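Visitor: Under the numbering used here, the residue at position 682 of the sequence shown is numbered 713, and the numbers go up by one with no gaps.
One should not assume that every hint holds.
Said to hold, decoys possible - Taking lysine to aspartate or glutamate and the EDC-like style, the derived pairs with C-alpha atoms no more than 16 angstroms apart in a straight line are:
{"hint": "1", "residue 1": "LYS444", "residue 2": "ASP339"}
{"hint": "2", "residue 1": "LYS266", "residue 2": "GLU278"}
{"hint": "3", "residue 1": "LYS316", "residue 2": "ASP302"}
{"hint": "4", "residue 1": "LYS133", "residue 2": "ASP155"}
{"hint": "5", "residue 1": "LYS240", "residue 2": "ASP215"}
{"hint": "6", "residue 1": "LYS613", "residue 2": "GLU634"}
{"hint": "7", "residue 1": "LYS248", "residue 2": "GLU270"}
{"hint": "8", "residue 1": "LYS760", "residue 2": "ASP326"}
{"hint": "9", "residue 1": "LYS649", "residue 2": "GLU634"}
{"hint": "10", "residue 1": "LYS350", "residue 2": "ASP333"}
{"hint": "11", "residue 1": "LYS649", "residue 2": "ASP693"}
{"hint": "12", "residue 1": "LYS220", "residue 2": "GLU149"}
{"hint": "13", "residue 1": "LYS103", "residue 2": "GLU80"}
{"hint": "14", "residue 1": "LYS220", "residue 2": "GLU232"}
{"hint": "15", "residue 1": "LYS266", "residue 2": "ASP292"}
{"hint": "16", "residue 1": "LYS580", "residue 2": "GLU604"}
{"hint": "17", "residue 1": "LYS196", "residue 2": "ASP234"}
{"hint": "18", "residue 1": "LYS383", "residue 2": "ASP333"}
{"hint": "19", "residue 1": "LYS309", "residue 2": "ASP330"}
What the hints assert, rightly or not - Computed Cβ-Cβ distance ranges for the label pairs, DEER-style:
{"hint": "20", "residue 1": "THR671", "residue 2": "SER148", "range": "43 to 49 angstroms"}
{"hint": "21", "residue 1": "PHE142", "residue 2": "GLU655", "range": "45 to 51 angstroms"}
{"hint": "22", "residue 1": "GLN364", "residue 2": "ASN427", "range": "34 to 40 angstroms"}
{"hint": "23", "residue 1": "LEU590", "residue 2": "ASN758", "range": "35 to 41 angstroms"}
{"hint": "24", "residue 1": "ASP414", "residue 2": "ASN497", "range": "32 to 38 angstroms"}
{"hint": "25", "residue 1": "VAL648", "residue 2": "ILE41", "range": "39 to 45 angstroms"}
{"hint": "26", "residue 1": "ASN193", "residue 2": "LYS84", "range": "30 to 36 angstroms"}
{"hint": "27", "residue 1": "LYS309", "residue 2": "ASP138", "range": "31 to 37 angstroms"}
{"hint": "28", "residue 1": "SER667", "residue 2": "GLU275", "range": "45 to 51 angstroms"}
Hints in this document: simulated from the structure, not taken from any laboratory. The structure presented is a predicted model; accordingly, all values stated were derived computationally and were not measured. Glycine included, C-beta positions come from ideal geometry on N, C-alpha and C.
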Amino acid sequence: MKISGNVENIIFSNIENGYCVFEVDTKELPVVMVGNFLNLTQGMYIEAEGEFKETKYGEQFFIKTANVSFPKSLEGIKRYLSSGLIKGVGEVTANSIVEKFKQDTMDIIEFNPARLSEIRGISDSKAISIGQSVAKLKSMEKEVMFLQNYGIGINMAIKIYNQYKEKTQSVLSKNPYKLIEDVDGIGFKTADKIALSLGIESDSDFRLKAALIYALKENCLNFGGTYISKEDLIKTTTELLGLEEIESEKAEKLIQSLIYDNYFIEYKNNDTTGIALKEFYNIEKSIATKLVKLDSEFDKPDFSFENDILNFEKFNNVKFDALQKSAILNAMQNGVSIITGGPGTGKTTIIKAIIYLLKNIGIEAVLCAPTGRAAKRLSLSSDIPAKTIHRLLEINFSGGNFVYNEQNKLEAKAIICDEVSMVDINLMNSLLKAVKSGSRLVLVGDADQLPSVSCGNVLSDIIESNIFNVFTLNKIFRQTDNSNIIVNAHKINSGEMPKADGKDSDFFIINQNEPEKMLQTVCELVSHRLPNFLSVNSFDIQVLAPLKKGVCGVENLNLTLQNLLNNAKHKQEYKVGNYTFKAGDKVMQTVNNYQLEWLKSSECGLGVFNGDIGEIVKISELGEVTVMFDDRKVVSYDRTNLDELTLAYAISIHKSQGSEFDAVIIPLSMGHPRLFTKNLLYTAVTRAKRLVVIIGASYSIRRMVENDYIESRCTMLKDMLLEAEQNFKKINNE
């Protein structure tokens with residue numbers, strides 16, 4: 032059945048998914064219609080095909096397909112123009128436009144918008160802007176309707192449209208698998224559904240190649256490696272496609288074809304033939320070459336720093352042991368140096384000493400870290416400003432890439448980078464590209480923490496290559512009175528049980544093994560026990576969970592704590608996925624977004640990054656969510672990128688890397704031994720400044736502490752470093 036008419040009243044509209052219930056004037060009887068639309072407003076004209084169904088609200092017309100066009104009546108045009116969709120046009124301006132051009136209004140706006148400047152108060156630039164806004168809305172509506180035919184929701188459809196604009200249909204008709212590469216949140220299954228709908232054969236080489244590329248990339252992103260064995264690649268691809276098997280000869284032929292086309296590269300490691308994305312291979316090769324070159328071409332100074340170290344010790348009332356002194360001297364005398372160690376082992380004091388020695392020879396050290404929280408902590412401990420690596424390299428407003436790169440090097444002659452264990456291959460490569468030859472690069476981190484969330488095992492690979500001087504600090508120097516956090520962190524790292532000494536301690540273990548009771552204990556601690564004990568806000572307390580699912584998993588903890596801490600009925604709300612965001616919620620950015628704009632006082636910039644934590648300060652009626660992050664950056668999200676936020680009352684231990692919190696609560700309901708390891712617990716404990724509370728059965732904690740399993744990552748950097756060193760020696764006849 033087909034029905035057409037003007038939209039008279041929007042009864043209900045869900046901004047997130049476009050679901051609308053609205054009334055249409057059919058010139059006979061009003062009809063209530065139900066469907067999904069992008070920017071449906073009063074006054075628009077709709078031609079819909081569907082069927083009537085009885086609901087608890089009465090008879091409603093459920094739309095299967097629809098065509099929405101500009102309003103036809105003068106009143107409808109006024110409503111449309113003043114709906115808020117068109118920037119700079121309110122009710123007064125809309126009335127003026129319609130009074131001037133009558134029935135020709137929409138044609139004028141669409142085909143000759145310059146004429147709008149004939150109206151008083153509308154400048155030439157504003158006239159063109161109105162025309163462009165309407166054209167964009169029309170184009171977007173058309174492309175989004177096309178995408179909805181393939182089951183893609185409104186928000187994801189808008190994200191796809193923002194990538195391809197008016198070329199959306201043509202791009203996807205040629206290669207729907209391009210969505211996987213270009214649009215965050217689109218996986219193989221969504222792209223494959225479109226491909227099969229467009230007539231691509233299920234056994235075509237085109238489809239199988241797309242599956243191979245996706246399977247390799249997802250495996251690397253999920254497990255942190257940069258290559259996998261050929262056998263695992265074929266097995267993973269077979270499972271992805273839902274096939275019993277892919278003929279080995281055909282799989283080999285397709286892989287070789289992808290190698291020839293520069294998507295893949297074959298990497299041989301001992302008896303294993305690995306397949307790597309050419310992109311990852313080139314990145315690790317670049318890191319290796321640049322590190323070796325930076326160290327090998329450094330001109331060692333011909334003077335001693337012994338007296339400078341003695342002066343630093345005197346002025347700061349410290350005494351370095353032999354290993355610490357060697358670490359300082361090595362950083363001064365080499366292009367690349369690595370300092371690693373756990374909490375309290377003197378890394379911060381060593382950094383301060385290096386800064387002091389550099390200043391004595393006229394060099395200002397530049398400090399950086401991978402996250403905002405880590406950079407802030409480095410600033411406070413070293414007494415000089417530190418930046419995130421992203422901020423140091425500066426994001427280009429126009430392209431989204433870094434301002435400082437291979438063509439435009441940093442002026443810094445010495446760079447100290449902290450928390451290197453969490454730096455992935457992409458970020459390390461970007462940093463090294465910008466480091467000028469002849470500079471010092473000091474890499475500081477804790478090799479016993481979890482590796483980076485994303486691809487690579489940079490710090491461990493550099494250490495294991497044995498090319499550079501590595502100084503591993505293991506003696507505890509910093510320990511405040513009655514503090515057990517540092518001592519217990521080292522106990523855990525050594526495979527020993529942590530000790531909790533009672534109510535005056537900063538380290539507590541609550542013996543509990545029932546998940547429901549553990550959850551109840553978390554709620555009590557966050558809501559009143561710890562805020563009263565430490566005189567802090569609940570937001571300064573961070574729950575760190577090993578698992579995503581389950582009673583004490585991140586998802587359920589967030590829902591429970593949100594309901595406990597932010598449940599006022601008057602709060603503005605916006606539903607995204609499993610969560611309903613409210614003004615006042617604690618949230619976290621889950622991906623690097625180099626294009627997202629932020630404001631900070633009178634300053635502005637680009638880039639919000641994975642792990643940044645903030646608070647929702649406002650949600651508008653149109654669903655725009657404003658977040659203030661810990662570093663006071665204010666960022667606005669719309670429905671196309673709100674899926675990049677998640678609640679952060681509880682976060683995974685992996686996501687906590689590089690951060691530090693006043694108090695940390697760690698609920699340990701048991702899981703798979705490959706996940707519940709001592710370095711996971713060690714990482715969680717070392718995130719706390721003032722207090723740690725572990726909730727779990729003593730036998731579960733013991734099993735975790737004694738579990739020294741480390742899941743190896745298939746990476747190429749170690750071998751590439753060794754190869755780069757050999758090549759450099761050959762070139763220089765060493």
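Visitor: Compare the distance between the alpha carbons of LYS103 and GLU80 with 16 angstroms, and conclude whether the hinted pair is satisfied.
Guide: Between LYS103 and GLU80 the Cα gap is close to 20 angstroms, so the pair fails against 16 angstroms, i.e. violated.
Visitor: Is the hinted pair LYS220 and GLU232 satisfied, with a Cα-Cα distance of at most 16 angstroms?
Guide: Holds, at roughly 15 angstroms.
Visitor: So the hint says 45 to 51 angstroms: do the beta-carbon atoms of SER667 and GLU275 match that?
Guide: 49 angstroms, holds
Visitor: Between the beta carbons of THR671 and SER148, is the distance compatible with 43 to 49 angstroms?
Guide: At roughly 31 angstroms between Cβ atoms, SER148 and THR671 fall outside 43 to 49 angstroms, so the hint is violated.
Visitor: When you check the alpha-carbon spacing of LYS309 and ASP330, does it fall within 16 angstroms?
Guide: 34 angstroms, violated
Visitor: Taking 16 angstroms as the top limit, are the C-alpha atoms of LYS350 and ASP333 close enough?
Guide: 25 angstroms, violated
Visitor: Evaluate the given range 39 to 45 angstroms for the C-beta pair formed by VAL648 and ILE41.
Guide: 28 angstroms, violated
Visitor: Is LYS220 within 16 angstroms of GLU149, Cα to Cα?
Guide: Violated, at about 52 angstroms.
Visitor: Sort out whether ASP333 lies within 16 angstroms of LYS383, counting only the CA atoms.
Guide: At roughly 22 angstroms apart (the allowed maximum being 16 angstroms), ASP333 and LYS383 break the hint.
Visitor: Verify the proposed pairing of LYS266 with GLU278, using a straight-line Cα cut of 16 angstroms.
Guide: 11 angstroms, holds
Visitor: Given the hinted pair LYS316 and ASP302, is their alpha-carbon gap at most 16 angstroms?
Guide: Violated: LYS316 and ASP302 sit about 21 angstroms apart, past 16 angstroms.
Visitor: Look at the Cβ atoms of ASP414 and ASN497 and judge whether their distance stays inside 32 to 38 angstroms.
Guide: 34 angstroms, holds
The structure fails hints 1, 3, 4, 5, 6, 9, 10, 11, 12, 13, 15, 16, 17, 18, 19, 20, 21, 23, 25 and 27 (numbered hints given earlier, in ascending order).
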